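Asker: So you can see what is in the structure, the chains are spelled out below.
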Amino acid sequence: MSKCILVSGFHRSGTSMTMQALCKAGVHIGDNLIGPNPFNVDGHFENTLIVALHDEQLAAANCDWLATNFTFADQPVFSHKAKSTASSIVSSLNQEPVWGFKDPRSSLFLWDWQQQIPNIFVVVVFRHYLSCIQSMRIRASRELTLNPSVENIEAKLWQSPSTGLQSWITYNRQLLAFCQANRESVLLVQQEAIVNGFPLIEYVNKLANVALNTNADTGISASKVSSSIQLPWPAEHVDKELINKADALWDTLIKLANSAAVPAPEQMPDHASTHNYPEIILSRLSEVNFGEPEENKMTDKQFTVKTAPIKLKPPLHEFNEQQIKTYRARLRGSLKNPQLTPAARLINQYEDSGHTTYFGEMLLAEKAIVNLDYSRAKRILFDAKNLAPKDGLEPFLHGLIEKHSGNLASSAEYFLSAAQSMPENVGFWIAHIRLLRS
Amino acid sequence: MKKHQEAQKITESALSLVGRNLQLEIQLAVLQEYLGELTAAIETLQRSLAYWPDNLIVLNSLYRLTGKTGNKTEAKHFFKRYMSQKIRQNPHYTSEIVQLFESVKVKSDKHNLWALIDADINEFFYQKS
Chain B
1 MSKCILVSGF
11 HRSGTSMTMQ
21 ALCKAGVHIG
31 DNLIGPNPFN
41 VDGHFENTLI
51 VALHDEQLAA
61 ANCDWLATNF
71 TFADQPVFSH
81 KAKSTASSIV
91 SSLNQEPVWG
101 FKDPRSSLFL
111 WDWQQQIPNI
121 FVVVVFRHYL
131 SCIQSMRIRA
141 SRELTLNPSV
151 ENIEAKLWQS
161 PSTGLQSWIT
171 YNRQLLAFCQ
181 ANRESVLLVQ
191 QEAIVNGFPL
201 IEYVNKLANV
211 ALNTNADTGI
221 SASKVSSSIQ
231 LPWPAEHVDK
241 ELINKADALW
251 DTLIKLANSA
261 AVPAPEQMPD
271 HASTHNYPEI
281 ILSRLSEVNF
291 GEPEENKMTD
301 KQFTVKTAPI
311 KLKPPLHEFN
321 EQQIKTYRAR
331 LRGSLKNPQL
341 TPAARLINQY
351 EDSGHTTYFG
361 EMLLAEKAIV
371 NLDYSRAKRI
381 LFDAKNLAPK
391 DGLEPFLHGL
401 IEKHSGNLAS
411 SAEYFLSAAQ
421 SMPENVGFWI
431 AHIRLLRS
Chain R
439 MKKHQEAQKI
449 TESALSLVGR
459 NLQLEIQLAV
469 LQEYLGELTA
479 AIETLQRSLA
489 YWPDNLIVLN
499 SLYRLTGKTG
509 NKTEAKHFFK
519 RYMSQKIRQN
529 PHYTSEIVQL
539 FESVKVKSDK
549 HNLWALIDAD
559 INEFFYQKS
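Note that the protein sequences, when read in sequence, are chains B and R.
Just so we're aligned, residue 1 is where the first sequence starts under our numbering, counting upward by one.
Just so we're aligned, residue 439 is where the second sequence starts under our numbering, counting upward by one.
In case anyone wonders, no lab produced these hints; they're calculated from the structure.
Computed from a predicted structure; not experimentally measured.
Some hints here could point you the wrong way.
[Unchecked claim] Listed next, with one range per pair, are the computed distances between beta-carbon atoms:
{"id": "1", "chain 1": "B", "residue 1": "Y374", "chain 2": "R", "residue 2": "G474", "range": "33 to 41 Å"}
{"id": "2", "chain 1": "B", "residue 1": "F72", "chain 2": "R", "residue 2": "Q537", "range": "32 to 40 Å"}
{"id": "3", "chain 1": "B", "residue 1": "Y203", "chain 2": "R", "residue 2": "L455", "range": "36 to 44 Å"}
{"id": "4", "chain 1": "R", "residue 1": "S533", "chain 2": "B", "residue 2": "A60", "range": "27 to 35 Å"}
{"id": "5", "chain 1": "R", "residue 1": "K441", "chain 2": "B", "residue 2": "K206", "range": "38 to 46 Å"}
{"id": "6", "chain 1": "R", "residue 1": "H442", "chain 2": "B", "residue 2": "K24", "range": "22 to 30 Å"}
{"id": "7", "chain 1": "B", "residue 1": "Y374", "chain 2": "R", "residue 2": "K441", "range": "52 to 60 Å"}
{"id": "8", "chain 1": "R", "residue 1": "Q484", "chain 2": "B", "residue 2": "S228", "range": "47 to 55 Å"}
{"id": "9", "chain 1": "R", "residue 1": "T477", "chain 2": "B", "residue 2": "D352", "range": "53 to 61 Å"}
{"id": "10", "chain 1": "B", "residue 1": "A60", "chain 2": "R", "residue 2": "Q537", "range": "23 to 31 Å"}
{"id": "11", "chain 1": "R", "residue 1": "E450", "chain 2": "B", "residue 2": "K24", "range": "29 to 37 Å"}
{"id": "12", "chain 1": "B", "residue 1": "E287", "chain 2": "R", "residue 2": "G474", "range": "36 to 44 Å"}
{"id": "13", "chain 1": "B", "residue 1": "L146", "chain 2": "R", "residue 2": "P491", "range": "13 to 21 Å"}
[To be verified] Here are the simulated lysine-lysine pairs, DSBU-like style, with alpha carbons at most 35 Å apart:
{"id": "14", "chain 1": "B", "residue 1": "K403", "chain 2": "B", "residue 2": "K3"}
{"id": "15", "chain 1": "B", "residue 1": "K378", "chain 2": "R", "residue 2": "K447"}
{"id": "16", "chain 1": "B", "residue 1": "K156", "chain 2": "R", "residue 2": "K506"}
Each residue gets a CB set at the ideal place from its N, CA and C atoms; glycine is no exception.
Build the full structure now, drawing on both the sequences and the hints.
Answerer: What follows is the structure, given as structure tokens:
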């Protein structure tokens, strides 16, 4: 039976570095991964489907990834749907004898993964809150340079100095509870110990009784990790009780750890700057030519479906075939909206009109697809096929149904047929190509 | 590997049918990257960039791919262009940044944040790569 190595820990605690080392030593993590960025130059080693699953569960609990209001749970909390998604993700990865995944958010769902995967071993990496908060706030500042919205989740780390600490406590409390209840299947390591040469692979081999390559170049380098505190954090504005709670958690983690303790970093005193930053930045920005991109230049906005309200000029009792044809892409977007959208209104008009037209039937089929009623959608498509035998939309929608039903080979054939019918339609080609490489 | 090669051939055929198309060119670069043809992927994106010089996906992909080849100078250049372009495309940038600053509760922390953002803005708009 295959064995799973899950790497867990708070954000910016070295989970990517740890997963990278395990991956190089032979742990299979699949290829559906989040790519690198300036904060994780070697990549995140995170499975996009698992991150999406965790985000969905957090959203259902009214939380974001900071999880400051996450309710402590020492038992599984996944919904029925999430369990089913997790099961299919596991099936796609557990074909190799030793496989694994990592996502800091998994700290909040360790009991769920333990329930899903019988042979699971967890490597928990922990790092002092001062280091984590510093790293998160620096990363957040760059995100905020790009997107300075007050609604940005990253802004919370600056708006209130308690946010980062509360988040650290939530995650590490969950981690600690799981560690204490499952000592035989958990390796608890301080991030700085791994950087300083803790024999991680040897310990994992022993824990899970596997034979990962202990001679592999793990890619771990002390130069990639900042160990000192250089960014002030206004601890005097944080509830003392919260800091005491974090210190107590830290002491327990250190005592339980499999690695020898590395001293915690020292806090840098906060100080009032003499620079007048608002004026400096506003002066800089006044020289920048802001504005929308020029109309004749393509941008990545082309990839989004516009769902802005569509003005329907003809009276509601008249069905207008040309409108469906013209606005189909926008109507498709609004089909997903449960309210009475332009698409829903047009479909109602169409059904009441007694007409049978190709684009009208296509929209009906799309509505059935959105409602997951694939047998109805297939019937509509079959009946409408002869209305426009050379059009690519009908095979494209067939392809969508097959894709949603998991029949990928058949779906690829339909998309190709759509593209060959209308070679100028890039969307059909892209659908086919994406499926081929998935 | 085989299915990716097939997808690459089809993308190239589609491109020859439709002419210049950004979505297809990006798809081609994605496939070339998957097949280990990093240099070819970068060349494909460089050609797209010549035609769509402000496109964020192209700039971001070029940053990522040049970084992957180990060319840190090039990677930094594309990252700066990406950041700069992303900021320029937001006409509300200045007012949003003022609102952000005002939403930070602790006075000394406002300055800490401004110092970091100022360093980024300075780098993306004013320093040569």
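Asker: State for each hint whether it applies.
Answerer: Cross-check of the supplied hints:
At roughly 38 Å, the beta carbons of B:Y374 and R:G474 sit within the given window of 33 to 41 Å. Checked against the given bound of 32 to 40 Å, the beta carbons of B:F72 and R:Q537, roughly 34 Å apart, stay inside it. In this structure the hint that B:Y203 and R:L455 lie 36 to 44 Å apart at CB is violated, the actual value being about 56 Å. Judged by the Cβ atoms, the range 27 to 35 Å given for R:S533 and B:A60 holds: they are separated by roughly 34 Å.
Restraint check, R:K441 to B:K206: a C-beta distance of roughly 39 Å satisfies the suggested window 38 to 46 Å. A beta carbon spacing of about 23 Å between R:H442 and B:K24 agrees with the range 22 to 30 Å that was offered as a hint. Between B:Y374 and R:K441 the C-beta distance comes to about 25 Å, which lies outside the given range of 52 to 60 Å. Checked against the given bound of 47 to 55 Å, the beta carbons of R:Q484 and B:S228, roughly 40 Å apart, lie outside it.
Taking 53 to 61 Å as the suggested C-beta distance range, the pair R:T477 and B:D352 conforms, at roughly 59 Å. For the pair B:A60 and R:Q537, the beta carbons lie near 30 Å from each other, so the given range of 23 to 31 Å is met. Here the CB-CB span from R:E450 to B:K24 is close to 34 Å, well matched to the stated 29 to 37 Å. Roughly 43 Å separates the CB atoms of B:E287 and R:G474, a value that falls within the hinted 36 to 44 Å.
Between B:L146 and R:P491, the C-beta spacing of about 19 Å keeps the proposed range 13 to 21 Å intact. Only pairs whose Cα atoms come within 35 Å are accepted, and B:K403 paired with B:K3 is accepted, the gap being roughly 30 Å. For the given pair, B:K378 sits about 31 Å from R:K447 by alpha-carbon distance, which is consistent with the 35 Å threshold. For the hint pairing B:K156 with R:K506, the CA-to-CA distance comes to about 32 Å; that is within 35 Å, so the pair holds.
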